[in-house]
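Asker: Model the full structure from these sequences, guided by the hints.
Residue numbers (full-length UniProt numbering), protein chains in the order written: chain D, 1 to 494; chain Y, 1 to 494; chain C, 1 to 494; chain Z, 1 to 494.
I should point out that these hints are in silico values taken from the structure, not numbers from a laboratory. There could be a bad hint or two in this list.
[What the hints assert, rightly or not] Okay, derived cross-link-like pairs now, DSBU-like style, lysine-lysine, Cα gap no bigger than 30 angstroms in a straight line:
# : chain 1 : residue 1 : chain 2 : residue 2
1 : Z       : K106      : Z       : K152
2 : D       : K335      : Y       : K294
3 : D       : K189      : Y       : K335
4 : Z       : K106      : C       : K398
5 : C       : K29       : C       : K398
6 : C       : K294      : Z       : K335
7 : Z       : K106      : Z       : K95
8 : D       : K335      : Y       : K189
[Said to hold, decoys possible] With beta-carbon atoms standing in for the labels, derived distance ranges:
#  : chain 1 : residue 1 : chain 2 : residue 2 : range
9  : D       : I466      : C       : N71       : 47 to 53 angstroms
10 : D       : T191      : Y       : L64       : 46 to 52 angstroms
11 : D       : L342      : Y       : T68       : 39 to 45 angstroms
C-beta: ideal position from N, C-alpha, C; glycine also.
4 protein chains.
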Amino acid sequence: MRVEDIFHQPPPPNEHPCWEDPVLPSVLKRILPESVLQAIEPDLTRLGHDLINIVRPLAAQVRLPTITHYNAWGERIDLLQTSEGWRTLKNLAVKEGYISNAYERKYHEYSRVYMFAKCMMMTGDFHVIMCPFGMTDGAARLIELFGNERMKDEILPRLISRDPADSYLCGQWMTESPGGSDVSRTETKATPTTTSSTDLGAAYLLDGFKWFSSAAEGNMSVALARTGDLASGSGALSLFVVPIRFQSFPTPLSNNIQIHRLKDKVGTHGVPTAELSLNSARGWLIGGLNEGVKTIAPMLNITRIHSAIHSIGSLQRCLSIARSYATVRTVAGGKLLESIPLHMENLANITILYAALTHFTFGAVSLLGKSECNVATREEQARLRLLTPAVKGFTALKAVTAMEECMAALGGQGYMEETGFGRLIRDAMVEKIWEGTVDVMALDLIRATRDGYTLESFCQWAAKIISRSPVKSDALLLLQDVINQLPSLFRENF
Amino acid sequence: MRVEDIFHQPPPPNEHPCWEDPVLPSVLKRILPESVLQAIEPDLTRLGHDLINIVRPLAAQVRLPTITHYNAWGERIDLLQTSEGWRTLKNLAVKEGYISNAYERKYHEYSRVYMFAKCMMMTGDFHVIMCPFGMTDGAARLIELFGNERMKDEILPRLISRDPADSYLCGQWMTESPGGSDVSRTETKATPTTTSSTDLGAAYLLDGFKWFSSAAEGNMSVALARTGDLASGSGALSLFVVPIRFQSFPTPLSNNIQIHRLKDKVGTHGVPTAELSLNSARGWLIGGLNEGVKTIAPMLNITRIHSAIHSIGSLQRCLSIARSYATVRTVAGGKLLESIPLHMENLANITILYAALTHFTFGAVSLLGKSECNVATREEQARLRLLTPAVKGFTALKAVTAMEECMAALGGQGYMEETGFGRLIRDAMVEKIWEGTVDVMALDLIRATRDGYTLESFCQWAAKIISRSPVKSDALLLLQDVINQLPSLFRENF
Amino acid sequence: MRVEDIFHQPPPPNEHPCWEDPVLPSVLKRILPESVLQAIEPDLTRLGHDLINIVRPLAAQVRLPTITHYNAWGERIDLLQTSEGWRTLKNLAVKEGYISNAYERKYHEYSRVYMFAKCMMMTGDFHVIMCPFGMTDGAARLIELFGNERMKDEILPRLISRDPADSYLCGQWMTESPGGSDVSRTETKATPTTTSSTDLGAAYLLDGFKWFSSAAEGNMSVALARTGDLASGSGALSLFVVPIRFQSFPTPLSNNIQIHRLKDKVGTHGVPTAELSLNSARGWLIGGLNEGVKTIAPMLNITRIHSAIHSIGSLQRCLSIARSYATVRTVAGGKLLESIPLHMENLANITILYAALTHFTFGAVSLLGKSECNVATREEQARLRLLTPAVKGFTALKAVTAMEECMAALGGQGYMEETGFGRLIRDAMVEKIWEGTVDVMALDLIRATRDGYTLESFCQWAAKIISRSPVKSDALLLLQDVINQLPSLFRENF
Amino acid sequence: MRVEDIFHQPPPPNEHPCWEDPVLPSVLKRILPESVLQAIEPDLTRLGHDLINIVRPLAAQVRLPTITHYNAWGERIDLLQTSEGWRTLKNLAVKEGYISNAYERKYHEYSRVYMFAKCMMMTGDFHVIMCPFGMTDGAARLIELFGNERMKDEILPRLISRDPADSYLCGQWMTESPGGSDVSRTETKATPTTTSSTDLGAAYLLDGFKWFSSAAEGNMSVALARTGDLASGSGALSLFVVPIRFQSFPTPLSNNIQIHRLKDKVGTHGVPTAELSLNSARGWLIGGLNEGVKTIAPMLNITRIHSAIHSIGSLQRCLSIARSYATVRTVAGGKLLESIPLHMENLANITILYAALTHFTFGAVSLLGKSECNVATREEQARLRLLTPAVKGFTALKAVTAMEECMAALGGQGYMEETGFGRLIRDAMVEKIWEGTVDVMALDLIRATRDGYTLESFCQWAAKIISRSPVKSDALLLLQDVINQLPSLFRENF
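Answerer: Spelled out as structure tokens, the structure:
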């Protein structure tokens, strides 16, 4: 008995991540004008083929980053090295316009839909690239909204560049050890200096310790720091642009920043997440003094959409493998797995969930696109505000369990690393946590409804939708009831 | 700013895995006579302390096993080496009587409850030790039921030994590449020989390729092989005892067995799972010729209970960490996390699920104990038959998602490997797959009801239970209805 | 006491690998006409800077290659993956013209001196690139001498290409397990086929097992195989061109070749060395039938020169570090290490050895250049033949111990991996073994003298050299005496 | 062609490390009285078998130690973990009486010969265990000579214990970054405290940074620190006993010591060598104030003998493999390698060197034994003083190159890690550096001759030896001449 002679399961064929998906084409058709859809079709087609042929094989090269604290001669260097695969993916994502597709606004208010459709297609093979790129996206928006001229001239073009040699990645440093996601307890202090060392404005010196710093390999970060006393809580926080590896700064991490350790995370293994200390690192104020929390809000809304896209994109990939496997695996009697009703019922249930989450998310994406192009109505602005935490929290809540069902649909093969479920699930688990847990989202949802208008206009909109729906019933009353009980019902009944 | 000077979160204190658990004491109190509970109490108390002080720190030493196929001189050796931590855990489990507690039957029909209570306590820190030990348990039962005298004298005492120097581990080799969990397509052939090389009886020579072979480090295995033609399906399969590393056999894997590779699994990293080829490996028949599927059934029932225990034990550990963390983590305003209602509502919901799964599982355990001591009524035998696949499938279906909620209850810290959730979740994911997926369990549940008696007697029993319950209502009708729709409702509504 | 505050040794500055070397400029000046020296000077200058700035930092990316034998679905794939650093180095070496500098013959008979001067400069930072490239060099020479037209048209241009996308690497498969370096015991059989599958000629099918197969990542190999019976020893061996990854062949290793394992070597860690089985792999005859040993000889002579260059280039790098370190390290009394006589005496002794080995080696290189351009006299041809094994064996015998002295010249710092000595020494150790041990070289030296002419002409040449030297004495008599005792004196007294 | 079917070289048989060695038995016979030899013979026999059967297979478990700087919650812990193999070897060495054989003095002045004969036998398989144990040996001697009563009662018995549960390992912290081996530039300061915290005497607080700290896993260390100003050089250094993990101290490394990193060494991979900072670590004076250099001298003399034993023991093992291989490897014509004169001439040359180094070293060992038992004459004391640096430096200078010749004697197989040469050579390379380079030894040799008596008495002794020798000649004059030129001749002509 030679292993060469035994049965080998034919591998499941690769599906096109857009056109062979059961949901994405209908989402695009529903939202986009036909002209836009026709315009982007060739790019989506090409991207799908590139994902299968070029990107997917890079998976084996994505490994843990490493940190070397000292050189041979005893000098502290904090040399951070990411893996070959990760660096290749970053360059490919820049070239693909992962962020710039949104900022070039070639398709006006539909640009965000186009951009996030590509992001979703890329999710399965890009190993959580949305982490640094989502933050970069948010930072670009902040500079667009609040940056000074110099920032708009020097930094913004690099954040949205399509040229890897020229582009900047940006991190977001909020979390500190005592407060966790509660920024009101931020301890990092920012001290103003009198002289302006660059055209970015008068520099502050930041001192503190940031506990979860993703994109530690990036070129810059935005960081919350205290510009008043601790008792003032989040009312004395300001937001700063902090260079890490600017072309105009001499050496890596020379901005008085130390990497204490790389986090030993359950997933997102290509991404270097660090504990950092700022030891009088220079930073430049963005937005108003003591208005840090308000200033950073648009960034958080963008990263939360990225998070939702990561959840549904990960589920998409798992479901695709499971669906594809059912077309090549034979079971008793020589029948294909796809002919077994019980098996297909399972996949159908997952598909329904996947469809719901995808339409839900792209609803918010569509509103974001309108908002950024200033064509959103007041009602749409309010709806976007309400839906953003809901989309982020709900996709995170539902996607991983469904992915685990897809894994089980391959039996023992699903539990092998080579089929990819393990990595996808480990990575997707972070979405319940990153950028705010489900509880944090639920509380943000309440906060969004406090103005009186947001909730009311949402209910009116929902009533209209429901009245148009074939399944009318008493859903409207139920909806009102449900909303009244937010957020304790958030988890189970949203 | 020195890292030494920053805030360090005090670590969550360790809870006693039995007495500080919110469910296990009440389960034991409900099932066990007071005399038995008093007798085992000191052992459970000591075990809890040993788990915290001795076993838990071993985690860092549990690593992937390695295989060396050739020695320096080109000879094929297939040298399998497991990690220090894994070897230590195995020895500790043997000394703890992981299996022998059940077979010594010191507490008669309650021995299984005692034994599985210990197994459950150990789950969180024993890194899927239930995999090889569960199969060893099943093999012990097979020999008790069907083994010849020589097997009972030579092998059984080692399978249930408390002495690591003397004990045997046993694997279970069923899965083959073409058929997966469908044993009817087993290709491995067994050819009888005329001479008896040992007192175990006349040997067969087995030739084939086993695709998932857990416990590849073990001393023996039970293996299904074909003793008739392929067209006869599972009706021409017999069961064999196959030595790997018997004391009476000269060298490792000398029984004409080759390890082709170790599986690259998503979890259960300490456990060596292999692809094996049998190249005229000697095996001895256990049970009747061509009755392999029937013979192995008692083993599968036992490993399924082990699987359920692993699911609930893993959830127990995750919930314990989350509960404990809430007692030391402060949030805004200096309040402890355990004083935040929204947070505690989440933990309470998980606890309700955990309680339900634990009572459910130990109900089956209690029946197993009675059955093995021959004090089970016919109705109890039938109920055990019905519940075994349900317990296995349902715990697997529900535990992991709840564990992921526990992880998120620590925020970013939960996603760090050091807090342990990642490993526990990766390991527990296997339970949806190992020993039969949820679909396989559902189909087995139907099979169990085919005799007419099993389902009817179960409904009568359930009706009696429900009628005693304060929430009488129309639950009985619902139950009948639900059962009629088995198994399509299995996943969602069981 | 913070580590940031303690003393850090300033790192030793980088010396230019040619112009700051104490020996290489004088070698080039002695051998090359001034016009050639002027012509190549800018290239050597640039290369030196590139080595320091571009190539040296790649060291951390050179790691062990990996082999994956099976894909997820059980199919044998033997996927060989080399490290990022190694792949980058290979591409850089191709672009640098590592081989093509010799074959373009831009500087006529001096092309080899130019080419090997560059190879020597590159040695310290190219991690044994000479292994696959040296064999590729030899293969190019074989095809130049013995290849058919098709080989000259299709293969030769790729072997000497400067374009990484287009170039071929070639291995050399001689060693088998029973015979080691004794090719007379080659067991691999070549069976002729009647049909010609390509224009390379009628194919043979090769079956056998090659024990040390360097450049397993290459595109082709030359392999010795038996075309007569075993009793005929090396008289029944022929040489074959064996494709591995030709552009005209479909998939990696598709030529019926299996990689059984990658060798676990003491050094040369970037290089994938494999145990290979040929299972009816196609090969094409090069050179005459049953004339394999004679045919391969020019290849061996070239790889032996590469070996010598690797020995002296490795010593050059170690000596450079030690010399440079002495200019920055202060000792008692604040004096620099370079002012301590005892220390500098050690370095001077090593430098004398290094100078001798370098002049010795480039003497042979110069003759090789003449020979390849057909301007060598009969006496020079004979001298090249005699010196080739001597140069290879003697540099290997002397270099490593001198490198270890350089390591010790940095004290404890020399024993740290970061300073590079460990890697250089481990790699250089292979030169005592690879392409024939010192004993094999000694025996080849005897073989070279058997024709009567070679030894006599060498002695006359040597006598002339000595008579010109200021230290005339009775060296001539000694020389005669020494040569008479070859090779038992080879090791101790050459 | 299956790999199972190809030729496998039979592995070289294991030789008994004492009785089958070509030199050690004659050394023991020459030095020891017959009664002692008879008494120790069974122990040496047993040890040899244990080395082959128990210790040698542990090699695969000796790996790099790891350091974890922070726990999950951000607290600095500097958790040092050594590999399973290394821990097992340490325990075996303690049980074997690696150190205690010398201090129990069961065989009076011959105890050191007995003890070091065992150490030498163990060298090949104990992975540089001499590093921490040699320092522990030296520390035991220091306490025997200079310790207070409390140190003799509490510490000494643990340093020479045979019980792993009870024994202490001791490091030696001298080297600092600025001075390297030049202790006169020691910067670590010791500040006296007024109160005595333990019975060891009044504590000092040590502050500084130690650059090479071997045995970082140990229980204590002896450390040089400055008790006067820097200008006083080595005249203001004192020696301190510094606890790391005493049973009376609460937690690992609690004595205000931080491990900044583990050294990335070329060899000695099992041994944790660290960069340490002392941040007011408590230490207790041993020997006189400001007499640190004088106090530590006996320790250095002992560690230097250990170093020499490591050099010759490593060579012994390499030579044994090469010799053994020659008995099983066949070459052309079916002859064994051991029948090839050229090959055996090489091995004979190495054996002569090995014999010389072994007799040389054990001469010093014999004198050390006499000295410690107070039976050495003044002339023998002087000779021991003179020979100690010579033995250390000379064995280091000669052993590695000879080991590399042994490696090459196996051809390509010697370059494979599995045959062990690589590890042995990497480890032995440290002996040219550790405890003083050859230059430092040479300078110490001069220092030893400064008293006028030492050199003269040595020459008289040497003259006597030479006059007894059959090869009288004018060796005596030569000797006188050579000694006059010490140490410039040390390296080349000793």
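Asker: Confirm or reject each hint.
Answerer: Each hint tested on the structure:
no.	hint	in the structure
1	Z:K106 with Z:K152	19 angstroms, holds
2	D:K335 with Y:K294	25 angstroms, holds
3	D:K189 with Y:K335	24 angstroms, holds
4	Z:K106 with C:K398	46 angstroms, violated
5	C:K29 with C:K398	25 angstroms, holds
6	C:K294 with Z:K335	25 angstroms, holds
7	Z:K106 with Z:K95	16 angstroms, holds
8	D:K335 with Y:K189	24 angstroms, holds
9	D:I466 with C:N71: 47 to 53 angstroms	50 angstroms, holds
10	D:T191 with Y:L64: 46 to 52 angstroms	49 angstroms, holds
11	D:L342 with Y:T68: 39 to 45 angstroms	43 angstroms, holds
Hint compliance for this structure: hint 4 is the single one not met.
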